[in-house]
Amino acid sequence: MGKRVLLGEFELLVLAAVLRLGNEAYGANVYRELGEKCDRHVSLGAVYTTLSRLEGKNLVTSELGESTPVRGGRAKRYFTITNAGKTAVSSSSRALMSLLQDTELAWT
Amino acid sequence: MSEHDTNVMRSPRIARCFVRLCSPPLYAQSVVGDLEEEFRRRVEEASPSVARSWYRVEAFRSGLRFGGHRAVRAFGPNEGLAVLAGATAAIGLLALSAFLGLPDLFAGASVSAKLLAGTVVIFATSVAGGLVTGRLAHRGQLICGVALGALFLLFIRAEAGVWPHPAWSALQMFGVVLGALTSSRITPRSPAT
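Which chain is which? The protein sequence lines are Y and W, in order. Position in the first sequence (from 1) plus 15 gives the number in my numbering. Position in the second sequence (from 1) plus 2 gives the number in my numbering.
I should point out that these hints are in silico values taken from the structure, not numbers from a laboratory. Computed from a prediction, not measured in an experiment: that's the story for all the values here. Certain hints may be false.
Unchecked claim - Just so you have them, the derived chain Y footprint on chain W, three or more residues with Cβ under 8 Å: (1) 36-43; (2) 46-57; (3) 61-72.
What the hints assert, rightly or not - Computed beta-carbon distance windows for the label pairs: (4) Y:24 - W:12: 32 to 38 Å; (5) Y:119 - W:51: 25 to 31 Å; (6) W:74 - Y:119: 33 to 39 Å; (7) Y:53 - W:11: 26 to 32 Å; (8) W:46 - Y:78: 56 to 62 Å; (9) Y:51 - W:19: 26 to 32 Å; (10) Y:50 - W:51: 18 to 24 Å; (11) W:114 - Y:24: 42 to 48 Å; (12) Y:88 - W:62: 20 to 26 Å.
Heads up, the beta-carbon is just placed ideally off N, CA and C, and yes, glycines get one too.
Sequences and hints are given; from them, build the entire structure.
Listed below in structure tokens is the structure:
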């Protein structure tokens, strides 16, 4: 059985955003997603340092994509969640839901 | 499109350079590209001045974040080195504060007291700078660090006006090299990310 990965709250949000964005998961999109969906207006640096940490834990992988004129000719770096990343999101979410079960914050 | 319009559509150059320098080499291109993309979106949705203000703040926040992240990675696993760098910097800053903040203290001081204070200030701050840059800097950052350090020393010398001797420069260089060598000998450098 593999070592269980513990996720911080922000790591969980970033991983969920990468999962949700699928093939369009690059820095600026993750940054916007966190701002719009979670009301977390963090810096782009915070997003990248978290993605770097997740990459170090093998929860995401990244590769350079195409460059576009709107980015001043600079390439996007796309992030993809790994199977270990999906497992980590799933187990962290389940742990949170089981803790909140039967409390006033439980949701159906 | 006029030249003025073209300039307005450009992100602030200094902020762009700052964030590029602070970013980990692996992500630098993507970070600057993402900021550029978001900047242009804000130019269209709001206004160029709003977008430029946003860019400056965002570049500063991100730069600090990358710097903090790198410091934690570099010093986090080695508390001894962090304490050594902190203590050396504290001694240097205390001596510097005394030197600049209390001119009366040194006004009547003997030449040897001034020499001793100057030596402590320069050597301690140089070693601390070497310890930190030896752990954190790479390529352009190292060049910028040395340039900023030299400017800082020039400023201090102009303020104090008492250490024009080239021996101080040699002492400064020796301190930086000693600090950098010490930091690299204590622990190997962490990866650039």
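Status of the hints after comparison with the structure:
With 6 residues carrying a beta carbon less than 8 Å from a beta carbon of chain Y, the region 36-43 of chain W meets the three-residue requirement, and the given coverage holds. Residues of the region 46-57 of chain W lying with their CB closer than 8 Å to a CB of chain Y number 0, which falls below the three-residue condition for coverage. Judged by the Cβ-Cβ criterion of 8 Å, the region 61-72 of chain W is covered by chain Y as claimed, because 7 of its residues qualify and three suffice. Here the CB-CB span from residue 24 of chain Y to residue 12 of chain W is close to 37 Å, well matched to the stated 32 to 38 Å.
Between residue 119 of chain Y and residue 51 of chain W the C-beta distance comes to about 46 Å, which lies outside the given range of 25 to 31 Å. Hint check: residue 74 of chain W to residue 119 of chain Y, Cβ distance near 37 Å, so the stated range 33 to 39 Å holds. Restraint check, residue 53 of chain Y to residue 11 of chain W: a C-beta distance of roughly 30 Å satisfies the suggested window 26 to 32 Å. Remark: the range hint 56 to 62 Å for residue 46 of chain W to residue 78 of chain Y is contradicted by a beta-carbon distance near 29 Å.
In this structure the hint that residue 51 of chain Y and residue 19 of chain W lie 26 to 32 Å apart at CB holds, the actual value being about 29 Å. Taking 18 to 24 Å as the suggested C-beta distance range, the pair residue 50 of chain Y and residue 51 of chain W conforms, at roughly 21 Å. Checked against the hint of 42 to 48 Å, the pair residue 114 of chain W and residue 24 of chain Y fails, with Cβ atoms roughly 58 Å apart. Range check, residue 88 of chain Y to residue 62 of chain W: about 24 Å between beta-carbon atoms, so the 20 to 26 Å window is met.
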